[in-house]
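2 protein chains.
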Amino acid sequence: MPVNLSAPNPSDLHPVPGVKLGITMAGVRKANRRDLVVITLEPGSAVAGVFTKNRFCAAPVQLCRKHLAAGSDIRALVINTGNANAGTGEDGMVRATQTCIALARHLNVSPEQILPFSTGVIMETLPVDRIEAGLPAALADLKADQWAVAGEGIMTTDTIPKGCSKQITLGGQTVTITGISKGAGMIKPNMATMLGFMATDANIAPELLQPLVTEAANASFNRITIDGDTSTNDSFVLMATRQAKHAEITSLDSADAQALRAALIEVSQHLAQAIVRDGEGATKFITITVEGGRTEDECAKAAYAIAHSPLVKTAFFASDPNLGRILAAVGYAGIDDLDQGLIEMHLDDVHVVTRGGRHPAYQEADGQRVMKQSEITIRVGLGRGTATTTVWTCDLSHDYVSINADYRS
Amino acid sequence: MPVNLSAPNPSDLHPVPGVKLGITMAGVRKANRRDLVVITLEPGSAVAGVFTKNRFCAAPVQLCRKHLAAGSDIRALVINTGNANAGTGEDGMVRATQTCIALARHLNVSPEQILPFSTGVIMETLPVDRIEAGLPAALADLKADQWAVAGEGIMTTDTIPKGCSKQITLGGQTVTITGISKGAGMIKPNMATMLGFMATDANIAPELLQPLVTEAANASFNRITIDGDTSTNDSFVLMATRQAKHAEITSLDSADAQALRAALIEVSQHLAQAIVRDGEGATKFITITVEGGRTEDECAKAAYAIAHSPLVKTAFFASDPNLGRILAAVGYAGIDDLDQGLIEMHLDDVHVVTRGGRHPAYQEADGQRVMKQSEITIRVGLGRGTATTTVWTCDLSHDYVSINADYRS
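Line by line, the protein sequences give chains A and B. 351 is the number that my numbering gives to position 351 of the first sequence; each next residue is one higher, with no gaps. 315 is the number that my numbering gives to position 315 of the second sequence; each next residue is one higher, with no gaps.
Take the hints with a grain of salt, since some may be wrong.
Pairs involving identical chains hold if they fit within one copy or between any two copies, as the list cannot separate such chains.
With a Cα cut of at most 27 angstroms, we get these calculated DSS-like pairs of lysine-lysine [stated by the list, open to error]:
#1 Lys-53 to Lys-372
#2 Lys-301 to Lys-53
#3 Lys-372 to Lys-30
#4 Lys-301 to Lys-245
#5 Lys-301 to Lys-20
#6 Lys-143 to Lys-372
Hints were generated in silico from the structure; no laboratory data involved.
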């Protein structure tokens, strides 16, 4: 059961003018499940993306980077679940390329105008024949109003589809931002998560998309973790069809750009947090804010050390205020000259630690009360500067072990 | 159930001339369990140690460092379980000091000649009154032949005591090395683990002890991990009573020093591996060797990335050869210019991956056969140099979650 999250109402996910989505059951790994999604973009669209920093990045990730770097006029995305096409060597590259060629032929564009994405089991051969065979059905299904179905079509161990949509007004025109994402394990994105797709019809100069998608990823997908395992296939893509009738945005400093940036970050954060809420086995949604650091980087080190600690995560699962485990994680986070005598810690409103030791007024009953909640904020003060950062994570439960012990069976 | 490990036979743990151990039930946290150990050393002994790099190191660790740095003539160690005296601020330092003063008074030495150790729950006040009250019983119990009972007296979530003993001949004289250790969670030692004590009667120049204990720790305790959580209390201490009648060892290059070093490393590795075999919830003992690196450090990065991955660990628990998870971990280990096309992987004798992709001859049945064993070796080749390293770890099971969700209750 996701933590305080339900599947999006399909009618809440506004179509984005210029974007169509088609979904089918291609039987990539299992029969009778939606596992192939095609997203098409009208001419004149711009696309930017961020991808995993895992050196074992999947073949489709390598092709996406190549096609985007070549400045190709991207016209479609093709996404399969059930197989990650990672750890597949040269054969994997051939099969990812073959997927692009097949879709390009249907759309009468060149293969470089296609971005391929795969998610699922690593180190298994991509059944490209089944994907090719599924393309006509996916293309016949193309419609503007099925972001919710597409959200379902990219799921792996997710229990519900994830989507978010927002409309803003730029120059008197309604501009839409709609996105979908999937988790739900192997989640410690390092550039972006596997997988997030966000589209807008905002009329924005193409060269502004890359800084915007990077900024949105850093504020969202790069701030979540479930198990610390950075996927081989992380991809987060921003598409702009540029069909809205407002004046073109040509500078990130303009008021329109600021409004768009804020909306993009809001949708990205919703999509990223949705992945954590539906994290494998998650029963709690935990916000970790580390403040008083010298740099944001050292705040992130401490926040991730807490977020990755199996001991912290199991204590949250048990609603056990065994909070010394959080201090231990801060201590081994790699901040070499940290002074433990300056550490403060709050659990929601409860002041647990002062000057590196138990706060005299702290009562275990207060910690217990907060630990039982489904949404908890840990706030750690390092006492050495003004930088701050926030990371979102979940607990570690029996179900995480069950899900990952059984994933392939 | 520990993996292929049983409690040591008490008669196999040879007494070390000049060392006595006394154990009692002080009721530090729970009644009716051995939780207080005193180890005394005869005059003329030398002691060296390595301690956690966790910045939130416990009060007793801080005192140990201070007493050793002062070159104090160490005469006794006092170890309690049930309470880590970590995350306890200045009050914790006062209580650790008080413990040293109390024992020093009994032994008629100065407090600086005592090394204190604590293990157990973090961020709780050390009940120093109970420890003081227990000291007379522990001192009355002092005997040379109870290393096995002392091994029991330092346990926390360990299911069995851990000890190892070896005798070698130096200059025609029998020299003994005996040690004990404890785990069993919060184990990713970064200098040493919580806790390891090793003694020898070898006649060795005191200044040679520190390099020897550091080398032994690096070859043993610094090569294991259970959950990646570096404890606040890790300590590994080497005591030499120097009572053996061979000629004094004054250089690490001598044949006697080499023989002693090899024996110290052998005992240390046994003690360290015992911690993994009795790791919380462990059902498998996994040896991870990474070779073909440019430096030992990058081999260790890859080995620890594999060893800490919850996805890899749950796959081993399930005996599921979902081996792409190992490649993903190697990919995010932080080796920035890693070429995935050069990666090789073996699971015991089975060649799973070649040139970064599935080996053409690899059959899942072969992977399955190895995964079902209780002892498994993963061998990863990076294909970029001649450095190599080995790390030992265990799997991640339901019992790990249960133990750590229930630890304090």
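Cross-check of the supplied hints:
1. Lys-53 to Lys-372: neither (36 angstroms within a copy, 32 angstroms between copies)
2. Lys-301 to Lys-53: Cα proximity of Lys-301 and Lys-53: in one copy and across copies (17 angstroms, 16 angstroms).
3. Lys-372 to Lys-30: between (38 angstroms within a copy, 26 angstroms between copies)
4. Lys-301 to Lys-245: Neither. Shortest intra-copy (44 angstroms) and inter-copy (52 angstroms) distances fail the 27 angstroms Cα cut-off.
5. Lys-301 to Lys-20: Result: close neither inside a copy nor across copies, 40 angstroms intra and 44 angstroms inter.
6. Lys-143 to Lys-372: neither (44 angstroms within a copy, 48 angstroms between copies)
Checked against the numbered hints above, the structure violates hints 1, 4, 5, 6; every other hint is satisfied.
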